[in-house]
Amino acid sequence: AQTVTQSQPEMSVQEAETVTLSCTYDTSESDYYLFWYKQPPSRQMILVIRQEAYKQQNATENRFSVNFQKAAKSFSLKISDSQLGDAAMYFCAYLLGAGSYQLTFGKGTKLSVIP
Amino acid sequence: EAQVTQNPRYLITVTGKKLTVTCSQNMNHEYMSWYRQDPGLGLRQIYYSMNVEVTDKGDVPEGYKVSRKEKRNFPLILESPSPNQTSLYFCASSFRRPPYEQYFGPGTRLTVT
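Same order as they appear, the protein sequences are chains U and G. If you read the first sequence in our numbering, its first letter stands for residue 1, the second for the next number, and so on. If you read the second sequence in our numbering, its first letter stands for residue 1, the second for the next number, and so on.
Check the hints yourself; a few may be wrong.
Stated by the list, open to error - With beta-carbon atoms standing in for the labels, derived distance ranges:
| hint | chain 1 | residue 1 | chain 2 | residue 2 | range |
| --- | --- | --- | --- | --- | --- |
| 1 | G | Val-52 | U | Thr-5 | 33 to 39 angstroms |
| 2 | G | Lys-18 | U | Gln-8 | 39 to 45 angstroms |
| 3 | U | Pro-40 | G | Pro-83 | 40 to 46 angstroms |
| 4 | U | Gln-8 | G | Leu-88 | 17 to 23 angstroms |
These aren't lab readings, by the way, just hints derived from the structure by calculation. A virtual CB, placed ideally from N, CA and C, is assigned to each residue, including glycine.
Given the sequences, and given the hints that come with them, work out the whole structure.
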């Protein structure tokens with residue numbers, strides 16, 4: 001079974017600074033998908049960024065980017081120019097796709113942004 | 001607006017009183033799923049459905065039932081709720097093709113006393 005590990009239960013960052021959230025996963029598959037979801041205090045699950053394992057190029061969405069290291073099974077999220085609105089729980093998730101659509105989540109990292 | 005809706009958003013009930021949490025999506029998604037979120041455990045899948053009349057167990061199915069009679073709806077049924085089912089519940093849906101992005105409902109906070 002696939003597992004997703006987020007080793008940092010809590011992190012903090014100064015406003016306007018950069019922070020990196022870690023995620024590792026365990027799989028024997030070669031074709032899969034990785035996601036970062038944000039959960040603000042409203043509890044809504046919001047997709048931040050996704051990465052297809054077959055793509056070597058790291059995904060980027062505005063201030064959010066990932067460092068995808070397939071051999072190391074690592075998928076970290078970098079938030080640049082942190083804003084107060086970035087404060088939330090962040091969940092890393094793995095999906096095998098094509099026949100199995102189950103999202104396997106890590107336990108989350110709570111990010112605080114200090115003004 | 002493309003969305004997943006859940007009702008109710010908040011529910012307090014007593015042990016043993018049957019309840020249903022509804023989930024509906026307007027995106028014509030084939031795949032739908034229920035998750036529960038508990039502190040320190042992340043989100044765990046309860047049940048999922050690949051399409052109408054096709055459902056299967058996820059990682060934590062005990063105490064829950066589901067049905068998929070229509071493509072847009074996927075209700076979660078607790079026939080005899082217990083306090084250990086107190087949790088935050090999410091419904092999600094997606095297409096069965098890449099990039100498999102799942103859209104989540106707003107969540108239902110359930111308390112069983």
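Right, here's what the structure says about each hint:
no., hint, verdict
1, Val-52/G - Thr-5/U: 33 to 39 angstroms, "holds (36 angstroms)"
2, Lys-18/G - Gln-8/U: 39 to 45 angstroms, "holds (40 angstroms)"
3, Pro-40/U - Pro-83/G: 40 to 46 angstroms, "violated (28 angstroms)"
4, Gln-8/U - Leu-88/G: 17 to 23 angstroms, "holds (22 angstroms)"
Checked against the numbered hints above, the structure violates only hint 3.
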